[in-house]
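Undergrad: Residue numbers (my numbering), protein chains in the order written: chain A, 1 to 105; chain B, 1 to 480.
Careful, some of the hints might be misleading.
Said to hold, decoys possible - Sample of chain A residues at the chain B side, in silico, Cβ under 8 Å: (1) Gly20; (2) Gly21; (3) Leu25; (4) Phe35; (5) Pro60; (6) Met63; (7) Val72; (8) Leu77; (9) Ala78; (10) Trp85.
To be verified - Here are some, though not all, of the chain B residues that point toward chain A, as calculated from beta-carbon distances under 7 Å: (11) Trp66; (12) Gly172; (13) Leu175.
As the list claims (entries may be wrong) - Listing some non-contacts, in silico: residues in chain B with all C-beta distances to chain A over 10 Å: (14) Val75; (15) Ile96; (16) Phe425; (17) Ala463.
It should be emphasised that the hints constitute simulated quantities derived from the structure, not laboratory data.
Backbone N, C-alpha and C define an ideal beta-carbon position, used for all residues, glycine too.
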Amino acid sequence: MSSGLLYAATGCVIFALGLGGVMLLDHLLRRILAFNLMGSGAFLVLVGLAQRDGTPDPVPQAMVLTGIVVAVAATALALTLARRWHALTGRDEIGAAGKQRGPDD
Amino acid sequence: MTDTFFVPLVWLILLPLLWATLAFMRGPDRGGRLAIAGLAAQLALASVLAGDIAVHGPRNHVVGGWPEPLGIALVADGLSAVMLLLTQGVTLVLAIYARSYFKPGASPWFWPLAGFLVAGMNALFLSGDLFNLYVTLELVGLAAVGLVAAGGTAEQIAAALRYLLATLVGSGAYLFGVALLYGSYGTVSASLLGELVGNDAPLAVWLAGGLMLGGLLLKTALFPLHFWLPPAHGGAPAPVSALLSALVVKASFFLILRLWLGPFASLAPQIAWLPALLGASAILWGSWMAIKTDRLKMLVAYSTVAQIGYLFLIFPLLGSGKLALQAGVLHVVAHGLAKAAMFIAAGTLIKISGNERVLGVTGTADRLPVTVFAFALAGVSLMGLPPSGGFLAKWLLISTALAQGQVWIAGVAIGGGLLAAVYVFRVLRLAFRFSTAGDTIPPARPAAQLEWTAFALAAASIALGLFAMPVVSLLEGVAP
């Protein structure tokens, strides 16, 4: 197994862990971290798989840089919302997706 | 278009960024007039572009003269032109509505966020490679989440958080798919991938296709991945709900359609039954929830869940001829116009009656005839009664399904229309009933902009049924 493939396989595992985390965890901070884990997994696959014959390919590196910027922005927004939610209600989870209903339905 | 400065493709993305930034710099609650001027200019640009595409075929532009893969390639074909026209048109009317809907301080950052949202959507409709599509997808998602949260109540924050996590998982899965595709083929250009991906594609490509489809279905809120939509769309202020329901879910649908017809054209037909089956379930479940719910905006939001289902019924029919594609895109346009009208009509009804329950509309036909009429016209298009745009879309869908022997699709489409009639008449019946509380409520008249914008959108969704030929002819040049 080449080192590129090893990175890609690790990326797959990390992505799956992150995906599971976002969907299964309750605590908002953990879910936000899990989302970042998902992103890291995808970046690892992007850079790992693209290494043909040992020479790195610059295009996926540029993509990963862009992806990191996007992930930082998304994380900042998520953290801001989580802080506001905590300030308003004192809670740090919003319930499993789909289970919580509005106040009157 | 020899002039390199006047390229509509570029200005359609730059203009909203420009007015959004200016609105942000001018401070809270400012920038409405700027936005309306910008949107009017964008609508003109989109019309010029559509005319250009109708005559000369698809347009390309390489941003800054940098070639791919480092540069950004913009591509516009008939499908992009239809989506661009719909987006600029609906947003322009919604902006006029929003200017009189929001009281100062109610949603101070609406204008910048709306501008970033429109810029993201326009960029999405124009992007020619899968990675830039990922970036635009995130731009749209983040701006939309911001709009949901901008009201600041606990309920809205919770809806925004749930929406954000769903949308991030969706685009994360999409990005993972892009990574696998790049690893397999060394390119993310949509047109190149279309030629490279064949029936003998390796497992990684199937996995990529599955992840991208799954992620985008989550963002489009197809049943059973719709859980985030009703609280987000039902809880946001009316102009925001209208933007999200009419346009934002269509952006990810557009991307699914692009991938389906482009890079994955040779793999997709083998799983076409899956989106259709989910679509049929969405129609039944969404309609049922809309019939049951007791809040007016939730009713309209669940109606969106149901109407999204129709968009996915076309997938098994896409293989032969253009009729299925035309049916799908006409439904996107008809639903976009009708749902925007319905959400802002519902917003006006709630604002005036001060009651967000369905029961709150009791007796409003007397006091708000134009708004109730707009709601009814939008309902006509959702039910698919002639001569509305919704009718034309459904008629095309049903006749294509029957021609190909897919009787069940025709059955679901007809049944869904009947269910839509139930929830639309549930509201209208109450609106025309004599209100016992009528004497106690002061007869407040809403601003004309609130009533007539909803009417204009609803009338447009009806008129689409009569004047659909330009839309259909724009789609002539689109694959397959």
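Undergrad: Against each hint, give a clear statement of whether it holds in the structure.
TA: Going through the hints against the structure:
no.	hint	result
1	Gly20	violated, 11 Å
2	Gly21	violated, 10 Å
3	Leu25	violated, 10 Å
4	Phe35	holds, 5 Å
5	Pro60	holds, 6 Å
6	Met63	holds, 5 Å
7	Val72	violated, 11 Å
8	Leu77	holds, 6 Å
9	Ala78	holds, 6 Å
10	Trp85	holds, 5 Å
11	Trp66	violated, 12 Å
12	Gly172	holds, 4 Å
13	Leu175	holds, 5 Å
14	Val75	holds, 19 Å
15	Ile96	holds, 28 Å
16	Phe425	holds, 20 Å
17	Ala463	holds, 35 Å
The structure shown violates the earlier hints numbered 1, 2, 3, 7 and 11.
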